[in-house]
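These protein sequence lines map, in sequence, to chains D and A.
For the first sequence, our numbering begins at 232 and goes up steadily by one.
For the second sequence, our numbering begins at 4 and goes up steadily by one.
Simulated from the structure, these hints should not be mistaken for lab results.
Take the hints with a grain of salt, since some may be wrong.
Incomplete in silico selection of chain D near chain A, CB under 7 Å [as the list claims (entries may be wrong)]:
id, residue
1, Leu345
2, Phe347
3, Asp351
4, Asp378
5, Ser387
6, Leu401
7, Phe446
8, Arg474
9, Arg475
10, Ala476
11, His481
12, Ser483
Non-contacting residues of chain A with respect to chain D, defined by C-beta distances greater than 10 Å in every case (computed) [said to hold, decoys possible]:
id, residue
13, Ser41
14, Ser53
15, Gly72
16, Glu75
17, Met77
18, Asp83
19, Pro90
20, Pro101
21, Ala126
22, Trp182
23, Asp197
24, Val215
25, Glu226
Note that beta-carbon positions come from the ideal geometry of N, C-alpha and C, so glycine has one too.
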Amino acid sequence: MIRARLGDWALALVVPLLLLVGYDLWARGAGDFFFPPLSVIGGNFADDWLFERVPTDLLPSLARMLAGYAIAVAIGVVAGMVLGSLRTLAIALDPVLQFLRALPPPTLIPVSLLVFGAGDSAKIFLIALGALWPVLLNTVDGVRGVDPTVLDMARSYRIPARARLLRVVLPAALPRIFAGARTALAIAIILMVVSELVGASNGVGHTVQLAQRGFNIPEMWAGTVLLGLVGFAFNALFVAVERRALGWHHGSTGRGGAPTRRTRLRRERPRPVLTPTRTAVAVESAAAGPAPTEGSVPDARRQ
Amino acid sequence: MLVVSDLSKTYAPGGEPAMAGLDFTVGEREFVCIVGSSGCGKTTMLRCLSGLIPPTEGSIELEGRAVQGPPEDMAYVFQDYSRSLLPWQTVAGNVSFPLKYKGLSKAEAAAATEEALAAVGLADRGRSYPWQLSGGMQQRVAIARALAYKPRILLMDEPFASVDAQTRAELEDLLLDIWRRFEITVLFVTHDIDEAVYLSQRVLVLHKPAHVFEAIDVDLPAERDQMDTKKLPRFGELRSRVLASLRAPDTTSA
Ligand SMILES: Nc1ncnc2c1ncn2[C@@H]1O[C@H](COP(=O)(O)OP(=O)(O)OP(=O)(O)O)[C@@H](O)[C@H]1O
Ligand SMILES: [Mg+2]
């Protein structure tokens with residue numbers, strides 16, 4: 232078992248290593264100013280990010296990103312639970328929500344700079360706004376998709392409304408909420424960088440942009456590599472958290488663990504969840520516009 | 004204890020009724036089985052009785068009070084048993100889930116849960132998750148949840164449909180035992196005529212749209228035994244009567 236895991240790890244490392252070696256060989260031969268060899272980028276990376284600029288640029292970036300993300304998740308889940316439970320409200324608010332989510336967040340940079348100034352608030356606002364929609368809309372769908380039998384059960388045992396919401400609806404919607412939160416995380420990281428391209432005085436995105444303007448190409452690449460690593464690390468962290476929180480879900484849908492009668496039954500029903508491929512699409516298109524989510528708010532699956 | 008008068012339910016306005024003019028009374032501590040062809044409205048009836056859906060017409064009185072929402076002291080074992088379990092809770096978590104809101108202390112809830120799981124033969128599966136169990140075991144979890152709740156009236160919708168014959172016989176006897184010990188009233192929907200006659204004091208035969216076509220008193224000795232009771236000539240006669248009633252052309256239909 233463990234040996235098999237190690238084998239998988241080794242296998243997964245082969246392609247990245249080949250790419251790196253290939254790039255390095257090519258860059259050394261080509262001698263292109265814009266594509267320095269790995270050693271140069273690596274040296275710059277060590278100079279900048281181990282750990283001189285960590286407190287001055289990396290930590291402020293991450294703090295803003297996490298703040299914006301936390302706000303987005305908190306508002307998205309709470310508002311999504313409300314909208315998912317109250318059909319009338321969802322219908323009434325749908326046009327506004329659809330409009331807001333269709334706004335590409337970067338277009339709000341000028342407005343947010345005017346309203347919040349050039350400080351952290353404008354950037355946190357932008358990140359929160361962009362990351363909000365996938366969480367909100369997935370939560371709404373998750374709440375709507377809760378099995379009616381479970382709700383009947385809770386009602387027939389006279390579970391109070393509050394407990395029904397927190398201990399039945401919320402856990403049942405959690406897989407969808409996590410799917411939304413994962414898309415939102417990618418968007419938050421993108422907007423972290425985007426928000427630093429205008430009116431910033433620190434941050435990784437700001438550093439990369441300054442390096443590019445000063446034709447300090449290795450430093451630009453070092454910052455870019457760092458951003459890639461940040462995205463990778465946060466995604467890995469997210470997956471670990473999700474695995475803990477949704478262990479039951481992976482078990483009950485047969486991902487890991489032997490399939491049971493029930494999991495087979497479950498698989499037959501289509502489960503609309505943001506798949507990894509769609510997440511990837513979301514990452515690519517997020518900077519440019521809204522995140523893809525399922526359906527519009529008022530298309531109630533059942534009454 | 005339960006008075007059902009002229010109950011009707013039409014799901015889609017102007018559509019076919021699922022239940023039309025259902026009338027019957029259930030006495031305190033009675034065990035009543037309900038049989039009827041598939042789709043004749045048995046589940047619809049139970050959902051109305053449990054206060055989950057309002058009837059289109061008619062009234063339901065439970066212990067003198069009109070049923071408007073889910074009444075106290077009632078437990079309902081759903082036909083979709085596996086979907087009525089919470090997949091993020093363990094088996095024990097599922098059984099004890101409603102108890103806290105009934106006002107039981109943690110210790111009382113744990114004791115009731117343990118007792119109910121032992122009664123359905125799942126004492127050692129408390130820490131499993133429902134989706135790790137077979138269909139029949141999941142059904143027993145749903146039954147254990149209802150038993151642990153200690154209701155005064157128990158509604159069961161084909162609760163033994165997916166267990167093997169041996170377990171089924173055991174669960175039937177368990178249910179009879181609980182019914183006697185805890186002095187509860189049971190309304191039990193089944194497709195199995197033997198089961199209906201074996202368990203009950205009265206069998207209600209429903210015809211579509213759900214109304215009582217015939218109520219058959221089961222005048223068998225109170226003590227039931229899987230072997231002896233089913234060998235009685237009277238048992239065979241009652242079976243045949245229920246079967247004939249199920250197949251009879253409807254004359255009472257509204
Ligand atoms: N939620 C609903 N909306 C519309 N029609 C419904 C609904 N539930 C049941 N019906 C209809 O009402 C009729 C009775 O259904 P019901 O589920 O009560 O039957 P049943 O006697 O329990 O059947 P079975 O023995 O197969 O469980 C059926 O024709 C069904 O199509
Ligand atoms: Mg039914």
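Subject >> Contradicted hints - numbers only >> reply: 1, 2, 3, 6, 7, 8, 9, 10, 11, 14, 15, 16, 17, 18, 19 and 20
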